[in-house]
Amino acid sequence: MIQTLVIENVALIERATLEFDEKLNCLSGETGAGKSIMLDALSFVFGGRSERSLIREGADYMRVKAIFVGLNSSQKEFIKNEFNIDCDDELFISRELDLKGKNICNINGEIVPVVVVKKICAKLVDIHGQSEHLAILNNEYQLHILDLFSKTAENKLVQLNECIDKVNAINRDIMALGGSEQEKNNLIDLYSYQIQEIENAKIGEDEYEKLSAEKKEMSQYEKINEALKLAYESSAKSSFSDSAQDKLNESIKSIMSISSINEHYAEIMSRLKSVFIELEDINDTIYTDLRNNVFDEERFNYIDERLDLIKSLFRKYGGDYLGLINYYNATKEKFNNLLNSNERYNALVKEKEELLTNIDNIQEELTAIRKKSGNLLINKIQTELQILGMPNARMDIKFSPIQERYSRTGADYVEFMFSANLGFELKPLNKVVSGGEMSRVMLAYKIVVSSVDEIGTIIFDEIDSGISGHIAQVVAEYIARLSMCKQIVAVSHLPQICAM
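Numbering (the numbering used here), first residue to last: 107 to 606.
Note that these hints are calculated values from the structure, not bench results. Careful: at least some of the hints might be erroneous.
Said to hold, decoys possible - Below, in silico cross-link-like pairs of lysine-lysine (DSS-like), each with a Cα-Cα straight-line distance of 27 Å or less:
1. K171 - K129
2. K335 - K353
3. K206 - K229
4. K182 - K171
5. K257 - K186
6. K417 - K308
7. K422 - K321
8. K308 - K486
9. K229 - K486
Unchecked claim - Each pair of labels, with its calculated beta carbon distance range:
10. P219 - E268: 23 to 29 Å
11. N214 - T258: 32 to 38 Å
12. G215 - L118: 28 to 34 Å
13. A282 - S142: 49 to 55 Å
14. I217 - E163: 23 to 29 Å
15. N398 - A307: 28 to 34 Å
16. G215 - N292: 58 to 64 Å
17. K417 - A228: 55 to 61 Å
18. I358 - D312: 43 to 49 Å
19. D312 - R514: 51 to 57 Å
20. K257 - R587: 21 to 27 Å
21. E510 - G138: 46 to 52 Å
22. K257 - E470: 17 to 23 Å
Just so it is clear, CB atoms sit at the ideal spot from N, CA and C, and this is done for glycine as well.
With the hints as constraints, model all of the structure from the sequences given.
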């Protein structure tokens, strides 16, 4: 049970401390008295949504602390085994939120994620708000109620989900082997084609770069030819005009005439001769390049087509040469595995069929458990509804099979059927129930389930909505009766409930 709640800087509250009784506690007051703030604070410290707008104006943070006492052995074992948090009979939970949105959760002195707080508090507190009136109209929630009432259903669901996890793992393994026989053959054909396409291309490691450079040079044929021609005509000997070679020859003759005068001029003449020899060599090279610079259209077209092929394979299989080779090696490995996968594939298929048969059996057993416990649940709820002023109320649970072969919640689609008056046929609960009837259905359900769950505290947020008069007195007596075995925190406008 909750012993103490400390609220700091939440909405209008600077600081408040509430001490709760182990039985019935009522929060009442007119609109604006702060009932919703208390519920927001409780929801916050139990791991609910955190809203920075709840921080009191002028404050930097809000903090809520809750002290639980009287934990039973099952709750203590759950907290210890699941989260490695030591606790005796007391549990101290604190949660803080600042203006930057930073959350700090603390359990018995240890900082923990908010999800841990949420999971632990789900074992300690049941908050029934207005939204749960709507939740019970949902078929998935109705199935949850049914399984919550039946303790053995939970074990079957664990077994079911373990089998489903194994089937999913096998499906992944089968897909890695190529899937079904037809899918596998399709993959073998695909991999074979891809391997053959890469092998036939025979792409060299740096072929793409070399061909690209060659194509670039060939594309500049005319420009290169003109430049070589002009360079040769400008520097080589010519009978039509003075060339660089002619000018250099004249310079050599001029310096030669004074070379005997001084060693310095002899050195200049030697250097000029070296330049002349180098120029002759350059001219020979240019001349050779000029003769060899012939545009080969056939070669150009070959390079163009080859580059297109290489680029196409790069796009399909890895982006570049290294990616292509990696893809080729990986595909060849998968191809070889597929060719040798028949034995492994057959073993997986056999194992999967055995698991599916086991799933079918578990789901049949689960359906039988649900129908048996469902009858007991409905009978108990009907008994409580009669006491709650609905003597002619009738309920039933309609079972239908789901379309899929299996699901994690079993093979059942359930609908809670309801009729409040004699002479009216049973119809889905969400089609016929009124607001006041819904409050009593929920209260009857809470009373019935409270006998089988271990949650010590129930918070009712205006469960008395839509009722008044004599029925309000009956509901008040029921809540008081429930508080004999559970701690109840009730937000209520009814004086009958507050008087309890």
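Hints, one by one, checked against the model:
no., hint, result
1, K171 - K129, "20 Å, holds"
2, K335 - K353, "19 Å, holds"
3, K206 - K229, "30 Å, violated"
4, K182 - K171, "19 Å, holds"
5, K257 - K186, "22 Å, holds"
6, K417 - K308, "13 Å, holds"
7, K422 - K321, "23 Å, holds"
8, K308 - K486, "79 Å, violated"
9, K229 - K486, "24 Å, holds"
10, P219 - E268: 23 to 29 Å, "26 Å, holds"
11, N214 - T258: 32 to 38 Å, "33 Å, holds"
12, G215 - L118: 28 to 34 Å, "30 Å, holds"
13, A282 - S142: 49 to 55 Å, "54 Å, holds"
14, I217 - E163: 23 to 29 Å, "28 Å, holds"
15, N398 - A307: 28 to 34 Å, "30 Å, holds"
16, G215 - N292: 58 to 64 Å, "60 Å, holds"
17, K417 - A228: 55 to 61 Å, "58 Å, holds"
18, I358 - D312: 43 to 49 Å, "46 Å, holds"
19, D312 - R514: 51 to 57 Å, "55 Å, holds"
20, K257 - R587: 21 to 27 Å, "23 Å, holds"
21, E510 - G138: 46 to 52 Å, "50 Å, holds"
22, K257 - E470: 17 to 23 Å, "19 Å, holds"
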